[in-house]
Amino acid sequence: MSARPAISQLLGEDLDLLLSRSLDGDLSPEEEAELQGYLATDPAARHRSDELSEILGALKDLPNASTPFALATRVNTQVSERSSGLGAALHRYGVFLSPAALTGIVVALGLIVAVGLFTFNPRAGRPAAAPVEDADAKSDGPVTVFFQPSANGPAGPAARGRAALAWSIEILPLARMAAPWKLATTHFEVPVYEPLEGTYNLTLEPDGRVSSVRPIAPAEMRTDIGLLLRSLVFEPLKPGAPNQIEVRISAR
Amino acid sequence: MPSVSPSPYASEQYDWPGDERAVTRFLAGDVTGFEQIVRHYSAMIFSLAARLVGPVDAEDIVQETFLRAYHGLEKFRGESSLKTWLYAIALNRARARHGTLARMRELFVTSRRAAPGEDPYSVIDNAVDQTATPEENAMTRQRRTRLRGAIQSLPPEFRTAVILRDLEGLSYQEVAEVLSIPIGTVRSRIARGRSILKEALS
Numbered sequence: 001m002s003a004r005p006a007i008s009q010l011l012g013e014d015l016d017l018l019l020s021r022s023l024d025g026d027l028s029p030e031e032e033a034e035l036q037g038y039l040a041t042d043p044a045a046r047h048r049s050d051e052l053s054e055i056l057g058a059l060k061d062l063p064n065a066s067t068p069f070a071l072a073t074r075v076n077t078q079v080s081e082r083s084s085g086l087g088a089a090l091h092r093y094g095v096f097l098s099p100a101a102l103t104g105i106v107v108a109l110g111l112i113v114a115v116g117l118f119t120f121n122p123r124a125g126r127p128a129a130a131p132v133e134d135a136d137a138k139s140d141g142p143v144t145v146f147f148q149p150s151a152n153g154p155a156g157p158a159a160r161g162r163a164a165l166a167w168s169i170e171i172l173p174l175a176r177m178a179a180p181w182k183l184a185t186t187h188f189e190v191p192v193y194e195p196l197e198g199t200y201n202l203t204l205e206p207d208g209r210v211s212s213v214r215p216i217a218p219a220e221m222r223t224d225i226g227l228l229l230r231s232l233v234f235e236p237l238k239p240g241a242p243n244q245i246e247v248r249i250s251a252r
Numbered sequence: 001m002p003s004v005s006p007s008p009y010a011s012e013q014y015d016w017p018g019d020e021r022a023v024t025r026f027l028a029g030d031v032t033g034f035e036q037i038v039r040h041y042s043a044m045i046f047s048l049a050a051r052l053v054g055p056v057d058a059e060d061i062v063q064e065t066f067l068r069a070y071h072g073l074e075k076f077r078g079e080s081s082l083k084t085w086l087y088a089i090a091l092n093r094a095r096a097r098h099g100t101l102a103r104m105r106e107l108f109v110t111s112r113r114a115a116p117g118e119d120p121y122s123v124i125d126n127a128v129d130q131t132a133t134p135e136e137n138a139m140t141r142q143r144r145t146r147l148r149g150a151i152q153s154l155p156p157e158f159r160t161a162v163i164l165r166d167l168e169g170l171s172y173q174e175v176a177e178v179l180s181i182p183i184g185t186v187r188s189r190i191a192r193g194r195s196i197l198k199e200a201l202s
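Protein chains in written order, with our numbering: chain A, 1 to 252; chain B, 1 to 202.
Mixed in with the good hints there might be a few duds.
As the list claims (entries may be wrong) - Far from chain A, by Cβ distances over 12 Å, these chain B residues were calculated:
#, residue
1, 77
2, 83
3, 199
Stated by the list, open to error - Among chain B residues calculated to face chain A with C-beta under 7 Å, some are:
#, residue
4, 39
5, 55
6, 166
7, 190
8, 191
Stated by the list, open to error - Derived list of chain A stretches under chain B, where covered just means 3 residues or more per stretch with a C-beta under 8 Å from a C-beta of chain B:
#, segment
9, 33-45
10, 56-67
11, 71-79
Think of the hints as simulated: they come from the structure by calculation, not from any bench.
Idealized CB from N, CA, C, for every residue including glycine.
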């Protein structure tokens, strides 16, 4: 401090800078002692210090928005969706388009190409052969899903604060389905009860809602807390009607 | 670049291996490294984003931040901490939100915007303290609204410094890393921002 002007000669912004640094604990012990000594002799400066301290307290007490539920999950999902294919290539160059916009652009380009082919290719326009359905489609394999205890379940508020549980869900192929279900990212909530091990039949409505979860095969259903099955949606490859799928849930 | 197959639902309990191990894991092709980074830092980035653009649009900023981080992590050299690196990205995304490119992008990207005239913090500031009288709660609400207005009215360079230091609790060094400015400049911007707030609220 000896190389700088005496504090008593500092006015305005320099004093505010010292006071600000003092409030942040950024002064050395010697500097702090010198400042406090000065403040003891200058009521106006002391008042200014008190006002700044009050502002700082008000700032620290200013509440902020709570982190949205399952934010990290949604972020990871979005990164996964946008980190592959054309979307990822565009993202590298700072062009961020929503999946819907990207789909729209691709569809539009496809239509342009199709119209062009139809116009210039005399053989275009013949009906394509019906696709062969694969009755031996394999499942997508195990998917890890985390279940969060819900205060709306049977245990009510007692469920709050319970840790989320990790479960593995294996999507099983069904003989009556022509193609496998594909994991998508829409959300739904269906109450299921801990523990979840067992095989379940889910009824998936055309709009993506799971309207029922029915356990089949031996499944223990303890009901001490209610869990909401969230963020697990199956995108039907044959939309338009309710679809039945089976999932096997086992502890991770 | 490894593809991410995320767990659809984030557990509240996870093991944080630290910045270096998470980054190393991700760059080695293990996607859980990036998932861990998201789980560890998403709340912090959301908090900053909510301060910068309001709670309604904050999640968009978080998404954009981590998407950029995903593609930029291989270039991260560790000169700053992962935290300040992510904060810097979030800050840039928040600033870009008001730029020309952002206005064009809005034509394509669905964004949840607060209605004109709607105070996005009204719910937060109107939260009632059960131990206080109605008059005290009303005064608290009023004080918070004035303070938020004063923060928003700060010149951008002072507002950012005050938000990072006084609202987000970053150290001077961390603020300097986020803003890529010398510590001395950080000190003076924070001091000046606080002084302006004091004048505005007196």
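Going through the hints against the structure:
1. 77: holds, 19 Å
2. 83: holds, 16 Å
3. 199: For residue 199/B, whose nearest Cβ neighbour in chain A is about 10 Å away, the distance does not exceed 12 Å, so it is violated.
4. 39: For residue 39/B, the interface hint holds, since the closest Cβ of chain A sits about 4 Å away, which is under 7 Å.
5. 55: holds, 3 Å
6. 166: It holds, given that the least Cβ distance between residue 166/B and chain A is near 4 Å, below 7 Å.
7. 190: Holds - the Cβ of residue 190/B comes within 7 Å of chain A, reaching about 6 Å at its closest.
8. 191: holds, 4 Å
9. 33-45: violated (count 0)
10. 56-67: Contact hint for the segment 56-67 of chain A vs chain B: holds, 9 residues under 8 Å.
11. 71-79: This one holds; 9 residues, not fewer than the three required, reach chain B with a Cβ under 8 Å.
Of the numbered hints given earlier, the model fails hints 3 and 9; all others are met.
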